[in-house]
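Same order as they appear, the protein sequences are chains A and B. Using my numbering, the letters of the first sequence map in sequence onto residues 1 to 503. Using my numbering, the letters of the second sequence map in sequence onto residues 1 to 330.
Bear in mind the hints are in silico, worked out from the structure with no lab data behind them. Take the hints with a grain of salt, since some may be wrong.
[Unchecked claim] Straight-line Cα separation of at most 20 Å, SDA-like style, residue types lysine to any residue; simulated pairs:
(1) Lys148/B with Asp460/A
(2) Lys184/B with Arg453/A
(3) Lys56/A with Asn292/B
(4) Lys184/B with Lys56/A
[What the hints assert, rightly or not] Taking beta-carbon pairs under 10 Å as the criterion, some of the chain B residues facing chain A (in silico):
(5) Arg54
(6) Val62
(7) Lys71
(8) Ser164
(9) Tyr187
(10) Gly202
(11) Lys283
Ideal Cβ positions, reconstructed from N, Cα and C, are used throughout, including at glycine.
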Amino acid sequence: MEAINNLLYGLTIVAKPVNIIFMSVGCILGTVLGMLPGVGPATGVALLLPLTFTMKPETALITMAAVYYGAMFGGSRSSILLNVPGDGAAIASCFDGYPMTLKGKAESALAISAVASFIGGLIAAVIFLFLAMPVARFALRFGPPEYFVLMVFALSATASLTEESPVKGFMSLLFGLMVTTVGIDLQSGVLRFTFGIPELQTGIDFVVVIVGIYGIGEVFKNYETIKETGIYALKTTFGRIWFTLEEWRRCIWPILRESIVGFIIGVLPGAGGTIAAMMAYSNEKRLSKEPESFGTGVPEGLAAPEAANNAASIGAMIPMLTLGVPGSGTTAVMLGALMIYGLQPGPLLFEQRPEIAWGVIASLFVGNLICIIINLPLAGLLVRLLSVPGRLLYPLIVVIAFFGVYTINFSVVDFYMLLIFGFVGYFMRRYKVPIAPMVLSVVLGSSMENSFRQSLMLSDGSLKIFFRSGISIALIILTLLSVMWPIFSKNIKMRRVSTKSAN
Amino acid sequence: MRGKAVWIVGIMAFVLFISGMAIAQQDYPSKPFEFIAPAGPGGGWDTTIRMVARVLQEEKLVPVPMPVINKPGGGGGVALAYLQQRKGDPYTVAVYSPPLLLINLTGQTKLSFKDTTPIARLISDYGAFAVPKNSPYQSISEVMEALKKDPKSVKVGGTSSPGSMDHVQFLIAAKAAGIIDLDKIVYIAFQEGQQLAALLGGHIDLLSTGLAETQGPMMSGDIKVLAISRPEPYDEGPFANVPTLRQGGVDAEFINWRGLFGPPEMPNYAVKYLEEKLAQLEKTQLWDEICNTNGWDKSFLPAEEFKAFLAKTNEEYKEVLKAIGFYKGE
Numbered sequence: 001m002e003a004i005n006n007l008l009y010g011l012t013i014v015a016k017p018v019n020i021i022f023m024s025v026g027c028i029l030g031t032v033l034g035m036l037p038g039v040g041p042a043t044g045v046a047l048l049l050p051l052t053f054t055m056k057p058e059t060a061l062i063t064m065a066a067v068y069y070g071a072m073f074g075g076s077r078s079s080i081l082l083n084v085p086g087d088g089a090a091i092a093s094c095f096d097g098y099p100m101t102l103k104g105k106a107e108s109a110l111a112i113s114a115v116a117s118f119i120g121g122l123i124a125a126v127i128f129l130f131l132a133m134p135v136a137r138f139a140l141r142f143g144p145p146e147y148f149v150l151m152v153f154a155l156s157a158t159a160s161l162t163e164e165s166p167v168k169g170f171m172s173l174l175f176g177l178m179v180t181t182v183g184i185d186l187q188s189g190v191l192r193f194t195f196g197i198p199e200l201q202t203g204i205d206f207v208v209v210i211v212g213i214y215g216i217g218e219v220f221k222n223y224e225t226i227k228e229t230g231i232y233a234l235k236t237t238f239g240r241i242w243f244t245l246e247e248w249r250r251c252i253w254p255i256l257r258e259s260i261v262g263f264i265i266g267v268l269p270g271a272g273g274t275i276a277a278m279m280a281y282s283n284e285k286r287l288s289k290e291p292e293s294f295g296t297g298v299p300e301g302l303a304a305p306e307a308a309n310n311a312a313s314i315g316a317m318i319p320m321l322t323l324g325v326p327g328s329g330t331t332a333v334m335l336g337a338l339m340i341y342g343l344q345p346g347p348l349l350f351e352q353r354p355e356i357a358w359g360v361i362a363s364l365f366v367g368n369l370i371c372i373i374i375n376l377p378l379a380g381l382l383v384r385l386l387s388v389p390g391r392l393l394y395p396l397i398v399v400i401a402f403f404g405v406y407t408i409n410f411s412v413v414d415f416y417m418l419l420i421f422g423f424v425g426y427f428m429r430r431y432k433v434p435i436a437p438m439v440l441s442v443v444l445g446s447s448m449e450n451s452f453r454q455s456l457m458l459s460d461g462s463l464k465i466f467f468r469s470g471i472s473i474a475l476i477i478l479t480l481l482s483v484m485w486p487i488f489s490k491n492i493k494m495r496r497v498s499t500k501s502a503n
Numbered sequence: 001m002r003g004k005a006v007w008i009v010g011i012m013a014f015v016l017f018i019s020g021m022a023i024a025q026q027d028y029p030s031k032p033f034e035f036i037a038p039a040g041p042g043g044g045w046d047t048t049i050r051m052v053a054r055v056l057q058e059e060k061l062v063p064v065p066m067p068v069i070n071k072p073g074g075g076g077g078v079a080l081a082y083l084q085q086r087k088g089d090p091y092t093v094a095v096y097s098p099p100l101l102l103i104n105l106t107g108q109t110k111l112s113f114k115d116t117t118p119i120a121r122l123i124s125d126y127g128a129f130a131v132p133k134n135s136p137y138q139s140i141s142e143v144m145e146a147l148k149k150d151p152k153s154v155k156v157g158g159t160s161s162p163g164s165m166d167h168v169q170f171l172i173a174a175k176a177a178g179i180i181d182l183d184k185i186v187y188i189a190f191q192e193g194q195q196l197a198a199l200l201g202g203h204i205d206l207l208s209t210g211l212a213e214t215q216g217p218m219m220s221g222d223i224k225v226l227a228i229s230r231p232e233p234y235d236e237g238p239f240a241n242v243p244t245l246r247q248g249g250v251d252a253e254f255i256n257w258r259g260l261f262g263p264p265e266m267p268n269y270a271v272k273y274l275e276e277k278l279a280q281l282e283k284t285q286l287w288d289e290i291c292n293t294n295g296w297d298k299s300f301l302p303a304e305e306f307k308a309f310l311a312k313t314n315e316e317y318k319e320v321l322k323a324i325g326f327y328k329g330e
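This is chain B alone, in the form it adopts within the complex (with noise of 0.2 Å):
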């Protein structure tokens, strides 16, 4: 008798289940989205969650409201402890760039991009390589071969720790330059705008960064770009008439992307509402304007896509960050 009972509420509950589930797909999405800023305000993540809320908002392509919540700590390490408190969750999504990668591949979290659910490519921003205006390197091919000579003789400056992306944007430009021992490149770490007091003030030899940081110094004249680290050169803006890496000589590319990410095991109808709803973002002309001023490439890749390109870029980092002894993976 027991069994049996045991047994009718266990069906009753499994077709509730599956019809609560059919309900929350035709529904969806029936309550606020909660987007995660893995990082406090002001910074790369946060603007760009906080833009795309906007014009998804604006535009009215979601009707329930996004609010954004910063969850800072860890280089983006506890936002994703967090996403997999949400597993299976359809309104929880976050910002994610090359950091995700990193922060796992050097060992700061044991939690990597496959604990997350990639939704889709947004954006493509890219780094700088400048240097103090009276430097005596005139082009980022000289400044490889310096290295090559003696790889302590440029001493280069990034914000974050080593083997996060100031440092491996740099050193993946050094590999491709031919320069076998990139663990004795200098890199020397900065905090809280002090990396580019430092270039200005001539205390280090190369600024490796984003490129809206050097912006305004290179207009001024303050400091000189060598190199960009997009694969192809602007045709207008501040950075027209700055070389790629590719034109001074260094066949690389270094791309800092982002992207949304939901929990581990969001549904899969969840993943194709937001992706459709990204893709129209992707059309309207607020989202033009936005990353006009912000300086970023549009990029958009669906989530399959995204996935893969995120899996060989993962090789890519893991390669570099071996060659430097911060790989700390099995």
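Isolated chain A (complex conformation) (with noise of 0.2 Å):
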């Protein structure tokens, strides 16, 4: 098989001490940069980005992918400790890692996240390793109009999150969506709720957002009661670092499943690992049979999102490999980092630089390992944070936010918004309005519109463009089935109630 040939040939590279030291250096800094809320894997990539020009090009690709999937991997440790994500892509990791922390479970949530991580990475390596060019190429038969249709239906899935209350959780839809407004319209260039604030010109970062309602608003939520419980009052038992039979049975299949649609999230330019991690939660809410039970920290609702994200940042390593495309901001700045070498990414950088191509996707498979190898003894001393004193921990927290989100834009405007964005997700939460919906459309929105904008300049103001392609057409029916799916599945249970009670 020439595939398995390539890999062994990929593995000679990776097994050269400097590339194994490098390596592990880069997974190890990108678990300990994913654990910082606001410093996410392409902050990581960059600062490492001048220490790389000493380095051969395969090491410095190689350890930048390693910074990337160890951020993956690090990413969810402050959701399921401290419910504050350490980037986008974690953020799902909170709805029940959170959770099953309060429930004295923080060990085997961490064993779990860091167990579907490696497996979400080792799947989408072998798909990497098989089927990589095809998969670029279904990739590129995504146009603006399937985009806009793929964010619709992402969107979606906040139905499912939200059955509790729908009012409110559209009111956050919306306000997420009126948050991304804010700044340089891409299709016109007119500026929008800027105030002469040049800052603002660039929009306002996701994870300025993100860090501002979790981290921020989690701090001030726990102020109001700091005085009662004086310590972080939480139980644990600092067992050891892993999960029951129990758990692991109920993990697997979320987890296999979510590896591919985490992988296919991936590929797809400007998508990445956020949506990935939510659509994985949503899908598999909806597949399980107590779909109520979400939330309250159940192991296969942290399994799920760890395993879509972590391989969603492999997958976005295709495009860049294969065609010279950069899928995220990460990807962007790895491309960036070959052309300086003078090497052009794309099919023939697998024909005149194989030890580059090859070696960069045999390092992914030992990558994970040392990973997952790096982060169980790792979440051993991590669970001790669930013993400082709130005092002490959330004015940490509160320092790491800000330095996190200086890092993002190296601006001062983002620390008003990161305070303001804190009170907006204190009072969220005080008033129970969920913040899911919000933290997605922020995510989202900006593309959302940007791609439907695109479109209809494409089709020259014709809505049928949305319905060109097969694409898009099953995106469309998803999109339907995913919105009617919370209401049918009511219908079906009290019909069983009513059936059960008239026998």
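Taking the hints as your guide, dock the two standalone chains into a single complex.
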């Protein structure tokens, strides 16, 4: 088999001591940076950029890739333990990860998420190995109209996240969309809601919103009770970092399914880990026999997004390596690095510099292994965070949040944004407005608006363009199903109950 | 009495100030520079200024450190506002290119190149106009003919919003080709690499972008570059066989120049010093190598000539932006 031979060849590249060492450094760096709220893989890779000029190109790329998926491993640590996601891709890990911690199951949550990330990464790497080219070609069939329908489908996931109070959920969603209108309108060049502040011209970065809503908002909320509880009111046994067989049985299918979903989303340029994880979560909630248990700390609700976001980070490297198209902020920096070496990514890279292309692909297998080896013992250490008194822990979270947010744009304006969204997050919690719809629409809003308007410019204003391809029609049907599903499943349940009572 | 004391203190302060300036001039540079990339890490501005700092350091041309600071935002407008706070500072240096003029002309910022001190132009990069491999268009003049018949027939894509560089470089070519309704040409803005995916997938008809972005997919045969905006064709390298706009029958060129700028009222001795160091940098072998890997042309212009070049270029952009109704000046 040619693919196996290529993999073996790649492994000989990876096995060089210098590559193993730098890859391990990348995994550790990624995990640590991923944990810090606001500091994501893109920042990590950019920080590394000047350093990599001294390395060989394959070493540089392997290290950067390691930072990328390492951050996916790390991002969920703070989601699970503190309800503060490290970056966008780790938001969905809060939904069931933090409730698990509240139930005293932090150890198994950390273990499950690490194993789910590992399997997600592995599955994605296997698909990468065998199907990179056809998958990349398929992704090209997504034009603006297909993207728009995909974004709408992703947004429809909120329907399943807000069954309890649809009106509040819808308000939250609209508020998120409003936030994304700030900045230069990409299609007309008009400044919108910037109030003469040049920093706002590029819009409000969604990571600032997330860290504000979750990180600072969580701190504000806990500030109310900090006097009474004094210490962080969590019970934990500091047990072994592992999970039960029962938990494993519940998770394995969601992990396998959502790895593939995450991978496909990751391959599409511009989509990425956040959308992948959100979709994975809502998919599993819909498929579950007990959807109402999601959000109360079920392991599959954590495993699904974790597998998906790691798979997405690996999928995102496909268009970059095979076509020279960067699919995310992180891969854009990696592409920039390749070009500084005078290398041109694309099909020719596989022919002219196979040591780089196959070295990177093989490193995905080894790197994921290194990540899980690092992350399991690290989890044992991190879980001790729960015994840190709130008086110490919360100021620390605030400091890290400000620091992390500054690394995104090096802008002081983001500090104000962080505080504003901190208050927004606090009041949303207080008045029980669901947060997830807003966050999802902040992530999706501007690309959704842009792809809608790009489509209409292509079609000269005709809406027919959204029905032009099989992909978009399939996505429209999925969207309709997804919105109807809650109503549908309720009816079925009610019927079941009534037939039972009739008997 | 009181008035006299004030006078004496005033004169003493003035003398100190003058001598202080003289000292500053002699010892210059005596502390680290602050090099500013007006965008995030990894892009063209960031790469350029980091490479300049690297060569000045490694060739021991400048004895003090030159750390690079990223000040992204507002298409360079944030860094431009920051330069205003550093008025007269001899240690602040930023890199800029055509967007410096464009963001002012389109009204994104009130500040213009006149609110900086041009130090020197360093390099030139160029634009490329690419189509998918199965495109019906074989040359740039065919594209222009189609646009003359129906300005909406060719959907042009690029990075960043209308009125920005990718858009303007195509319009300059279209104008030279004799197209009158420049404002009717459909320009679709993309982000995060989606423009290339949109071209490869055949969702747009033509991509107007920088040379570097097209090189990989052109060499693999996935796209065809119809023309480049360089005044002369390349003798060697991957773009050697690609016609220039002029060779394609369109009498136009577009230079993506990059140069260094100081804050407004940067002292003359600082400008002279940096101008001279950059002229030396231009002659090093290391700079040659860097320009080669990045596909840049060396195009050094000293401060005075650079200033004249900027004024002339500004007028040229203004005309095109007026034609599409994007000019927001007086």
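Right, here's what the structure says about each hint:
1. Using a Cα cut-off of 20 Å, the hinted pair Lys148/B and Asp460/A holds, with the two alpha carbons roughly 18 Å apart.
2. Between Lys184/B and Arg453/A the alpha-carbon distance is near 16 Å, which keeps this suggested pair within the 20 Å criterion.
3. The straight-line distance between the Cα atoms of Lys56/A and Asn292/B is roughly 19 Å, inside the 20 Å bound, and the hint therefore holds.
4. With a C-alpha separation of about 48 Å, the suggested pair Lys184/B and Lys56/A falls outside the 20 Å cut-off, and the hint is violated.
5. Proximity of Arg54/B to chain A holds as hinted, the smallest CB-CB distance being about 8 Å (cut-off 10 Å).
6. With a least beta-carbon distance of about 18 Å to chain A, the hint placing Val62/B at the interface is violated under the 10 Å criterion.
7. Annotation: Lys71/B was flagged as interfacial toward chain A, and the flag holds, the nearest CB pair being 6 Å apart, inside 10 Å.
8. Proximity of Ser164/B to chain A holds as hinted, the smallest CB-CB distance being about 7 Å (cut-off 10 Å).
9. Checking Tyr187/B against chain A: minimum C-beta separation of about 8 Å stays under 10 Å; hint holds.
10. Below 10 Å, beta-carbon pairs count as interface contacts, and Gly202/B has one with chain A at about 8 Å; its hint therefore holds.
11. Among the interface hints, the one on Lys283/B is violated; its C-beta lies about 22 Å from the nearest C-beta in chain A, farther than the 10 Å criterion.
Violated hints for the displayed structure, listed by number in ascending order: 4, 6 and 11.
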